[in-house]
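Residue numbers (the working numbering), protein chains in the order written: chain A, 138 to 592; chain B, 138 to 592.
Bear in mind the hints are in silico, worked out from the structure with no lab data behind them. Treat the hints with caution; some may be incorrect.
With a straight-line cut-off of 25 Å between C-alpha atoms, the simulated SDA-like cross-links for lysine to any residue are [stated by the list, open to error]:
| no. | chain 1 | residue 1 | chain 2 | residue 2 |
| --- | --- | --- | --- | --- |
| 1 | B | K283 | A | D561 |
| 2 | B | K375 | A | E234 |
| 3 | A | K283 | B | W176 |
| 4 | B | K504 | B | D152 |
| 5 | B | K283 | A | T254 |
| 6 | B | K283 | A | W176 |
| 7 | A | K283 | B | K342 |
| 8 | B | K283 | A | R180 |
| 9 | A | K283 | B | H560 |
| 10 | B | K375 | A | W176 |
| 11 | A | K375 | B | R226 |
| 12 | A | K375 | B | K283 |
| 13 | A | K375 | B | R224 |
| 14 | B | K283 | B | S298 |
| 15 | A | K283 | B | G223 |
| 16 | B | K283 | A | D172 |
| 17 | B | K342 | B | G223 |
| 18 | B | K283 | A | D325 |
| 19 | B | K375 | A | R224 |
| 20 | A | K433 | A | T212 |
| 21 | A | K310 | A | T254 |
| 22 | A | K375 | B | K375 |
| 23 | B | K283 | A | D558 |
| 24 | B | K375 | A | R236 |
| 25 | B | K283 | A | A333 |
| 26 | B | K375 | A | R228 |
Simulated coverage check for chain A against chain B, where a stretch passes if three residues somewhere in it have a Cβ under 8 Å from a Cβ of chain B [claimed, not checked]:
| no. | stretch |
| --- | --- |
| 27 | 178-184 |
| 28 | 333-346 |
| 29 | 350-363 |
| 30 | 548-559 |
Here's a subset of chain A near chain B, in silico, CB distances under 10 Å, partners left out [claimed, not checked]:
| no. | residue |
| --- | --- |
| 31 | A175 |
| 32 | A190 |
| 33 | T192 |
| 34 | P232 |
| 35 | E234 |
| 36 | R236 |
| 37 | V410 |
| 38 | G411 |
| 39 | D545 |
Values in this document were obtained by computation on a predicted structure and should not be read as measured data. Glycine residues also receive a C-beta, built at the ideal position from the N, C-alpha and C atoms.
2 protein chains.
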Amino acid sequence: MCAALSFAVASEQNDTHDVAARIVGAALVDSRAHDKLAWLTDRIGNRLAGSEALTRAIAWSAEQFERDGLERVWTDEVMVPHWVRGRERARVVAPVEHRLPILALGGSVGTPEGGITAEVVVVDGFESLEVLGEAARGRIVLFNRKMERGFTSENGYGSLSKFRSAGPSAAAKQGAVAMLIRSLGTADYRLPHTGALRYEDGVEKIPSAAVTAEDAMLIARLAEAGETVRIELELGSKTLPDARSANVLAELRGRERPDEVVVIGAHLDSWDVGTGAHDDGAGCAIVMETMRLLKKHDLIPRRTIRAVLFTNEENGLRGGRDYAERYADEMPRHVAAIESDLGGGAPIGFGVTAGEGGVEIVREIAKHLSVIGADQVFPRGGGADISRMKEYGVPQIAQLPDPALYFDYHHTEADTLDKIDRHDLDRNVAAMALMAYMLAEWDEPLPRIEVVDDD
Amino acid sequence: MCAALSFAVASEQNDTHDVAARIVGAALVDSRAHDKLAWLTDRIGNRLAGSEALTRAIAWSAEQFERDGLERVWTDEVMVPHWVRGRERARVVAPVEHRLPILALGGSVGTPEGGITAEVVVVDGFESLEVLGEAARGRIVLFNRKMERGFTSENGYGSLSKFRSAGPSAAAKQGAVAMLIRSLGTADYRLPHTGALRYEDGVEKIPSAAVTAEDAMLIARLAEAGETVRIELELGSKTLPDARSANVLAELRGRERPDEVVVIGAHLDSWDVGTGAHDDGAGCAIVMETMRLLKKHDLIPRRTIRAVLFTNEENGLRGGRDYAERYADEMPRHVAAIESDLGGGAPIGFGVTAGEGGVEIVREIAKHLSVIGADQVFPRGGGADISRMKEYGVPQIAQLPDPALYFDYHHTEADTLDKIDRHDLDRNVAAMALMAYMLAEWDEPLPRIEVVDDD
Numbered sequence: 138m139c140a141a142l143s144f145a146v147a148s149e150q151n152d153t154h155d156v157a158a159r160i161v162g163a164a165l166v167d168s169r170a171h172d173k174l175a176w177l178t179d180r181i182g183n184r185l186a187g188s189e190a191l192t193r194a195i196a197w198s199a200e201q202f203e204r205d206g207l208e209r210v211w212t213d214e215v216m217v218p219h220w221v222r223g224r225e226r227a228r229v230v231a232p233v234e235h236r237l238p239i240l241a242l243g244g245s246v247g248t249p250e251g252g253i254t255a256e257v258v259v260v261d262g263f264e265s266l267e268v269l270g271e272a273a274r275g276r277i278v279l280f281n282r283k284m285e286r287g288f289t290s291e292n293g294y295g296s297l298s299k300f301r302s303a304g305p306s307a308a309a310k311q312g313a314v315a316m317l318i319r320s321l322g323t324a325d326y327r328l329p330h331t332g333a334l335r336y337e338d339g340v341e342k343i344p345s346a347a348v349t350a351e352d353a354m355l356i357a358r359l360a361e362a363g364e365t366v367r368i369e370l371e372l373g374s375k376t377l378p379d380a381r382s383a384n385v386l387a388e389l390r391g392r393e394r395p396d397e398v399v400v401i402g403a404h405l406d407s408w409d410v411g412t413g414a415h416d417d418g419a420g421c422a423i424v425m426e427t428m429r430l431l432k433k434h435d436l437i438p439r440r441t442i443r444a445v446l447f448t449n450e451e452n453g454l455r456g457g458r459d460y461a462e463r464y465a466d467e468m469p470r471h472v473a474a475i476e477s478d479l480g481g482g483a484p485i486g487f488g489v490t491a492g493e494g495g496v497e498i499v500r501e502i503a504k505h506l507s508v509i510g511a512d513q514v515f516p517r518g519g520g521a522d523i524s525r526m527k528e529y530g531v532p533q534i535a536q537l538p539d540p541a542l543y544f545d546y547h548h549t550e551a552d553t554l555d556k557i558d559r560h561d562l563d564r565n566v567a568a569m570a571l572m573a574y575m576l577a578e579w580d581e582p583l584p585r586i587e588v589v590d591d592d
Numbered sequence: 138m139c140a141a142l143s144f145a146v147a148s149e150q151n152d153t154h155d156v157a158a159r160i161v162g163a164a165l166v167d168s169r170a171h172d173k174l175a176w177l178t179d180r181i182g183n184r185l186a187g188s189e190a191l192t193r194a195i196a197w198s199a200e201q202f203e204r205d206g207l208e209r210v211w212t213d214e215v216m217v218p219h220w221v222r223g224r225e226r227a228r229v230v231a232p233v234e235h236r237l238p239i240l241a242l243g244g245s246v247g248t249p250e251g252g253i254t255a256e257v258v259v260v261d262g263f264e265s266l267e268v269l270g271e272a273a274r275g276r277i278v279l280f281n282r283k284m285e286r287g288f289t290s291e292n293g294y295g296s297l298s299k300f301r302s303a304g305p306s307a308a309a310k311q312g313a314v315a316m317l318i319r320s321l322g323t324a325d326y327r328l329p330h331t332g333a334l335r336y337e338d339g340v341e342k343i344p345s346a347a348v349t350a351e352d353a354m355l356i357a358r359l360a361e362a363g364e365t366v367r368i369e370l371e372l373g374s375k376t377l378p379d380a381r382s383a384n385v386l387a388e389l390r391g392r393e394r395p396d397e398v399v400v401i402g403a404h405l406d407s408w409d410v411g412t413g414a415h416d417d418g419a420g421c422a423i424v425m426e427t428m429r430l431l432k433k434h435d436l437i438p439r440r441t442i443r444a445v446l447f448t449n450e451e452n453g454l455r456g457g458r459d460y461a462e463r464y465a466d467e468m469p470r471h472v473a474a475i476e477s478d479l480g481g482g483a484p485i486g487f488g489v490t491a492g493e494g495g496v497e498i499v500r501e502i503a504k505h506l507s508v509i510g511a512d513q514v515f516p517r518g519g520g521a522d523i524s525r526m527k528e529y530g531v532p533q534i535a536q537l538p539d540p541a542l543y544f545d546y547h548h549t550e551a552d553t554l555d556k557i558d559r560h561d562l563d564r565n566v567a568a569m570a571l572m573a574y575m576l577a578e579w580d581e582p583l584p585r586i587e588v589v590d591d592d
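In isolation and in its complexed conformation, chain A is listed as follows (with noise of 0.2 Å):
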């Protein structure tokens, strides 16, 4: 190697390191993502699609965006579901009486007036829900899975999540009033966790609540002992017609190629319990405060990078659908797709789907963030507000946050302001900051994702 080449790529990494100290620096010492996550947590609360409080998110935000100095902010609307939750209790009556916190699942119908009351029906899984037969006819149908820690285990929540989602159609196929699923959590504290459950047309719809696990076991037992096992639920929730919603947008213009993107995204709805801190809050305030760090240093990279804070992750996706389709002519020039949505607890690094030679981008790129702990990289990642972009083949990059207490408050009246830490916060922030940078800058837009075409 000659003296000149060699001083030239100790230069650009010198300049690379410089870059890097100085979004982390400003990351650590600079940041105000704790005072927007408290904001939006304690001032506005949680906000469900459809809600006065995410109308307010949006507005707040959008607000937001213009006072960090952004160029152009904007909002672009989306009609969304509006479901709301009503009054619901349900109790077990036989063999004996036992109180039942639930929380209907999103997208639930009521129960009629006056609620239902039958015996319960106890299955693993839907072999065991087929098995059953006739026996599960005007029964209640409880899917009875324990969730486990950690996302490859095979009882973690990927795989599991379909019973919460297709388990209520599956139960009504066979004849079943109403459905109950087992909390899909990892803590013990009597907590149920709600979420989105997706009826198959053509399928009567029945009530669907999720109970705890405490409260699963509990008739388990009774019903394993032998025991008819009674219960009474009455659920209010019901689907208003749609409502007016938006995604909040705001650009730092690239500096080179400014028609090259590099999304950065999170979502600004939660489910209508608890406030939305770890769901997804904490990606919200991580998104916001990339924005304006990057802005306020003017760390100004090559390609535009887009902050979108999506609407109605938690039940429909009609953000993220509305982004990909709306923005449709610029996919081929969007480079790179980041989420943040896996609450706020300290950074471990990225998941990355993109094309040959992608992973090691990221690799390569995330090494600088080996002083915080946010440099491992996965083979596999995205969100799922971004995951529409994927059809037409970009990148795909997932910012982790370490997950080990993430599904404890995930979805519960428990998911709150408290529970994140001011510093990890802000050390998601300069995993953030600096991907997206580097992203934006690197000579060479990252492998895209191949597209299969099914014509």
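Position chain B against the provided structure of chain A, taking the given hints into account.
Chain B alone, transformed into the frame defined by chain A:
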């Protein structure tokens, strides 16, 4: 030492070891404690004084003692307070809306029809309440003190429970219209913890409830930011006329000195939330199973062992009072009272309040329990139900499970069977059975507490 004496000592030691081995072996191999606890919690459920469930628990436990072959089984009727919770709800209504999961404190009066809506003032103790002066008038007072783990902490349960018991009257004296307390608990899953209050005579009774730690922090954050925080509170609680209840008793008559008694006790009542598994179903199962195993394995000591399942520990202590008064004549021949009322964690040892030399004797006995980790002896201990025997000089012993998680679940909906490990429970039975047997067998009675005559 002559050979004969040496042999005698060794032989006696062997006898003691032999008995200890039989007791511990029986408890670890042959225990049905978990089955008993499961019945009490799953099939009877929570059992507040005055409830039908407590009446069933009394009948069931007496029947169990009979079935387990104890010679003398009886109940002593006790009149108990009959407080009922009714419907309850609360929410922050300004500056923003937040639902507040709450539990009325046991004994609280209800709110007037339609509830109370008032501004909150946040205090951290009696002093800061007093400093408020007239600023508390017409307001809702919130005691916001964070409870810490550990018995010795000055912010532990022992130190902070005075705010729950005496806080309502302290607030009322300054004209407050209601009192809220940050739940006395150590977990962060948005669980309210109930517990008893004690209205002062001649002071207005104001409605009082526990909010979650999360919500106490939220309210404090809003108030610190200068916001006027208003809360709407509705409690349907009320106190009905006293109800009939009973202590349940059973004896293993001593083979040499049947008039001398070692009491082993726990309380059969619980709060009206969860199923009272840790508090104090575990204690009841430990006491009941201790009796069955000693009887079954023909381990009959010199003195009588009397099991007492007390009623109404939680909100009146009428069972404990009745016992001490009813058997006042026997108190001089009560050589010890052991209570198990700290849940079903792994046993760690005992706490002892006795006359000089008493701790050493208990320590000597507890050595046999080192194999199960239950040989720690602390120089202070007892239990609420047995505390009334103290004034008669009866040595007080707490059988101690590891309390690390106890206050995560204490007085909440989450105090359920699944929190208790079967083998931990069996080890507690071993600890209780060995201590009770040895104290009933010991040559000399345990040194009594010195009673200071106040007259």
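Do the hints match the structure? See the list:
no.	hint	result
1	K283/B x D561/A	holds, 22 Å
2	K375/B x E234/A	holds, 21 Å
3	K283/A x W176/B	holds, 23 Å
4	K504/B x D152/B	holds, 15 Å
5	K283/B x T254/A	violated, 42 Å
6	K283/B x W176/A	holds, 23 Å
7	K283/A x K342/B	violated, 45 Å
8	K283/B x R180/A	holds, 23 Å
9	K283/A x H560/B	holds, 22 Å
10	K375/B x W176/A	violated, 38 Å
11	K375/A x R226/B	holds, 22 Å
12	K375/A x K283/B	violated, 39 Å
13	K375/A x R224/B	holds, 24 Å
14	K283/B x S298/B	holds, 11 Å
15	K283/A x G223/B	violated, 33 Å
16	K283/B x D172/A	holds, 22 Å
17	K342/B x G223/B	holds, 17 Å
18	K283/B x D325/A	holds, 21 Å
19	K375/B x R224/A	holds, 24 Å
20	K433/A x T212/A	holds, 22 Å
21	K310/A x T254/A	holds, 19 Å
22	K375/A x K375/B	violated, 34 Å
23	K283/B x D558/A	holds, 17 Å
24	K375/B x R236/A	holds, 20 Å
25	K283/B x A333/A	violated, 35 Å
26	K375/B x R228/A	holds, 23 Å
27	178-184	holds (count 4)
28	333-346	violated (count 0)
29	350-363	holds (count 6)
30	548-559	holds (count 7)
31	A175	holds, 7 Å
32	A190	holds, 8 Å
33	T192	violated, 13 Å
34	P232	holds, 7 Å
35	E234	holds, 7 Å
36	R236	holds, 8 Å
37	V410	holds, 8 Å
38	G411	holds, 7 Å
39	D545	holds, 7 Å
The structure is inconsistent with the numbered hints 5, 7, 10, 12, 15, 22, 25, 28 and 33, although it conforms to all the rest.
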